[in-house]
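Using the sequences plus the hints, can you model the full thing?
Number of protein chains: 4
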Amino acid sequence: MKRIEDFKSIIDRYDIVFFDAFGVLKTHSGLLPGIERTFEYLAAQGKEYYIVTNDASRSPAQLAESYHKKGLHFVDANRIISSGQLTKEYLELKVDGGYVAYLGTDESAHYIESAGLKTLPVRDVDHTNIDKVNALVFMDDEGFDWFHDINKTVNLLRKRTIPAIVANTDYAYPTSKHDVSIAIGGIAQMIETIVGKKFIRFGKPDSQMFMFAYDLIRDYRPISKKQIVMVGDTLQTDIIGGNKFGLDTVLVLSGNTLPQDAENRIQATGIVPTYICESAVLGPEALNL
Amino acid sequence: MKRIEDFKSIIDRYDIVFFDAFGVLKTHSGLLPGIERTFEYLAAQGKEYYIVTNDASRSPAQLAESYHKKGLHFVDANRIISSGQLTKEYLELKVDGGYVAYLGTDESAHYIESAGLKTLPVRDVDHTNIDKVNALVFMDDEGFDWFHDINKTVNLLRKRTIPAIVANTDYAYPTSKHDVSIAIGGIAQMIETIVGKKFIRFGKPDSQMFMFAYDLIRDYRPISKKQIVMVGDTLQTDIIGGNKFGLDTVLVLSGNTLPQDAENRIQATGIVPTYICESAVLGPEALNL
Amino acid sequence: MKRIEDFKSIIDRYDIVFFDAFGVLKTHSGLLPGIERTFEYLAAQGKEYYIVTNDASRSPAQLAESYHKKGLHFVDANRIISSGQLTKEYLELKVDGGYVAYLGTDESAHYIESAGLKTLPVRDVDHTNIDKVNALVFMDDEGFDWFHDINKTVNLLRKRTIPAIVANTDYAYPTSKHDVSIAIGGIAQMIETIVGKKFIRFGKPDSQMFMFAYDLIRDYRPISKKQIVMVGDTLQTDIIGGNKFGLDTVLVLSGNTLPQDAENRIQATGIVPTYICESAVLGPEALNL
Amino acid sequence: MKRIEDFKSIIDRYDIVFFDAFGVLKTHSGLLPGIERTFEYLAAQGKEYYIVTNDASRSPAQLAESYHKKGLHFVDANRIISSGQLTKEYLELKVDGGYVAYLGTDESAHYIESAGLKTLPVRDVDHTNIDKVNALVFMDDEGFDWFHDINKTVNLLRKRTIPAIVANTDYAYPTSKHDVSIAIGGIAQMIETIVGKKFIRFGKPDSQMFMFAYDLIRDYRPISKKQIVMVGDTLQTDIIGGNKFGLDTVLVLSGNTLPQDAENRIQATGIVPTYICESAVLGPEALNL
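Residue numbers (my numbering), protein chains in the order written: chain A, 1 to 289; chain B, 1001 to 1289; chain C, 2001 to 2289; chain D, 3001 to 3289.
Hint data in this document are derived by calculation from the structure and do not stem from the laboratory. One or more hints might be untrue.
Below, simulated DMTMM-like cross-link-like pairs (lysine to aspartate or glutamate); rule was C-alpha separation at most 20 Å, straight line [stated by the list, open to error]:
| # | chain 1 | residue 1 | chain 2 | residue 2 |
| --- | --- | --- | --- | --- |
| 1 | B | Lys1225 | C | Asp2215 |
| 2 | D | Lys3177 | C | Glu2065 |
| 3 | C | Lys2159 | B | Asp1261 |
| 4 | C | Lys2152 | D | Glu3263 |
| 5 | D | Lys3152 | C | Asp2179 |
| 6 | A | Lys197 | D | Glu3005 |
| 7 | B | Lys1197 | C | Glu2263 |
| 8 | D | Lys3198 | A | Asp261 |
| 9 | D | Lys3226 | A | Asp261 |
| 10 | A | Lys226 | D | Asp3261 |
| 11 | A | Lys152 | A | Asp106 |
| 12 | D | Lys3225 | A | Glu92 |
| 13 | D | Lys3197 | C | Asp2219 |
| 14 | B | Lys1225 | C | Asp2219 |
| 15 | C | Lys2152 | D | Asp3145 |
| 16 | D | Lys3159 | C | Asp2261 |
| 17 | A | Lys152 | B | Asp1145 |
| 18 | B | Lys1226 | C | Glu2089 |
| 19 | A | Lys225 | D | Glu3092 |
| 20 | C | Lys2226 | B | Glu1089 |
| 21 | B | Lys1177 | A | Asp126 |
| 22 | A | Lys198 | D | Asp3261 |
| 23 | B | Lys1152 | A | Asp179 |
| 24 | C | Lys2197 | B | Glu1263 |
| 25 | A | Lys2 | D | Asp3096 |
| 26 | A | Lys177 | B | Asp1126 |
| 27 | C | Lys2159 | D | Asp3179 |
| 28 | B | Lys1159 | A | Asp179 |
| 29 | C | Lys2152 | D | Glu3142 |
| 30 | D | Lys3197 | C | Asp2179 |
| 31 | D | Lys3225 | A | Asp215 |
Small disclaimer: the values here were computed from a predicted structure and weren't measured.
Here is the structure:
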């Protein structure tokens, strides 16, 4: 583990950079000031990037648009890998017709539709269609009535022996400087405990997320894991996931892990990044090439 | 482990019978037909009973009244031990003034009020009173907006280092023949995982429930654990809890544990009741004394 | 939570003091220097004490003798409550004859013998006696061959549906300034996961430990929980256990919880002692009465 | 989920078959009688196979040799994917020199050596080399003194902030018709709980195992997940792992899952194989081509 002053030197060492989104590129109050320079430098150096995120609430196109609106025009939808895409791939390969019930917004149902399957919000499951429900997906924490639909989901899973897929493994996400909201991964965990069945989870730290991005790259160029670095703010997802997949990793201190806590948390968890760096933002001088 | 045909012979062997409520005395569709004979026989034999329940949604008086309305007039509020009473005792001993925030119905807040403390539904916590909140209690799964108030509870516990008490350890409860509802214990478990703090739980299988009943008895008569039997339908709460406290136990097959599953579940869990009996109901002939 | 400079003022506030042993009265290198003054002051003030410990490796008489050898002559065997005694009570009430198999030293088997039952070290379980084994007790981490006897225990529990009792819930204990050893509670936890059965655990933080001491006192004098304080060095056992039982609690910083970590750990765990005090040792001036 | 009478029809549907080893090809008493016909038929049909196993106790070459000795000459070392190989890849990518400490036999250390790193059995860790230990690997449950070396491992991980890799995620494995032995994955789990750090696990059900085999295939031929089927006897590893990776799956009833329990376990766990088949053995008539 080495402390690195300047994120530029990280970029210089690798050919491809994987970024976590929240806490690395943006926070609850918007983009990290100056983060566009990082992308400008990447482009200038002919380096590639991917954004690897557990956010399955919107499609990559919608996620990219939200970066554009915030002023980060470099972000391309094709460079966003969300756990929603793994969910889509699973559904394509493993579910043959029928309905896919889901908890989440209509937008999040995009990943189900794009797998060519019929969507059914949990609130609309009833005795006329329950036998045609062939999978359940936990997409997002919004878009449904918690009391009514969470209880309904428990009973759906007690009655039907179908795969339950969690498209976002996070338990909570920040909504302001001091507040968090429970993520769909936390709700799914509660339901899994109650029904006693085994759910399928997609998202960091699971290797399948990294593999998905890695495979995309290999489709158009040869690459070795040694040429890729994963940048994240969370030891338990970004760093251990990147490590296990065999990537070098950078812990940035702009999100979940506070500067004063970093060393303690690394020691306590035994999750060791290759580098620690204040943030992924480059100084203005970095672009004086 | 012995199979017993007739619950009468259980009563004959002990001086005091502890009953679980749900699945033993009543189900979602009302009282077990004939259960009043069990209480009539107990009275005729000069035996005592206690109902030991994880239901903290209402006061013992309200719980007793609900039995009376269903037609079981023998049940006395003084013989109902609910996990709510342990919560009340905890609050009396350990919380000095201020507010006690809670999730649950107004009725469930009875246990807080009766400890002489000021109640505050989580929905009413705000910046003017948050610093005066000295404990949080999970009372019941109804009486609040799940989305709004569960998230608010997470943030309350992140901001204030206060005890969080779970007045009902159950994860779910049946609402009809085929359906269940998530209990407040399941919600509390999710929040505990998310905030990473350690909650205080009251309810079976924890020994403190049995001790509370045992102490009540010792206040007016000498008693040994050998004279008491615990009757329940759930291995993981009633039976292991009773066993650990040192009581003989009876598994009845009128609730959670189906007749065809009983042996398998006992073997799989290693939780062995002293007796297995179809139900706690006595045949009409039992009263021909 | 209040910081208290002088442990004397704690004693002055209560009638009975419960002490944890390790980290409070002694460490791996012997008695805390000066701790005898605490006991002298207690005696002088007519206050009572109990030592409430998860150490089931030896009988209370042997534990008391070990204090005497170290120079603390005040400690009386009758004032030591070990989790071994709860195990003994359980066996007396719940096991009718046959053998009780155990992992531990011969000394630790004392608790089984004193329940009037026949002991059988796991290494001696064979096809001639396995059907007479009516309980298994995890007593201590020494006195057996780990590889051979831990595997044998797994298979015993797969073949026999009997209660498995853990007489010490701790996962590890310190053996020197920098080293720990795995305690029998850690081994039991591994076996419980592997066999998938539910074990019965005795020891702090479980209420039954505190109840046992409380009941002993009530046999000879009236007492309220308000008159007792629990003193310990570990938030997850001594403090949360004492709190839940309704006692005031003192966290001392002479053992598991380092002075620089105390506030952070309290905040992270949400386990709040009534008081924090450097140690349970009194200054020499305390005895100038 | 479909019941299939004849494993031949499974082979006919796919191009590549992934087999679990234990409970599918062999049991504690040797090869499944007739299993060589399955491999003969695969060869005759020009179909490929891979053996995907959590057994990291020996190298693929040694594993292949053990099949040859048992009489199954078709098995090629290049077609065996063990969790040891993922461990080797991790070490190559992520550990730069120094020692790799390990628990296991000398044979299991093969995977560390083949990553070009210096091996150090935990028993030989001492103050002269502890600072050069850069990773710890849990390889196998044999080859070391449990009491001495498991405790030593706990203290090594308390002193050094290094990655801990578990090369076999299983908790136990069968050693005879009625007995099991604790696997290194069970021991690792106990140590992880005690030291509170996060270990890196390789082995089914983790996707990285399947990905490793999939990547091997893609190096020499184009393939889609639809052309591969995973055959296993364990829902919690083979089937859920295969499902999650997007493969069709076959549950065979020759190992962990007994014929009479299959439906119940599928319903209880919610882990649904594509097919259920008595075993992977073909009848003699299958070869009359």
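Inset, instruction - Determine which of the earlier numbered hints do not hold for this structure and return their numbers in increasing order. - result: 2, 4, 6, 9, 10 and 13
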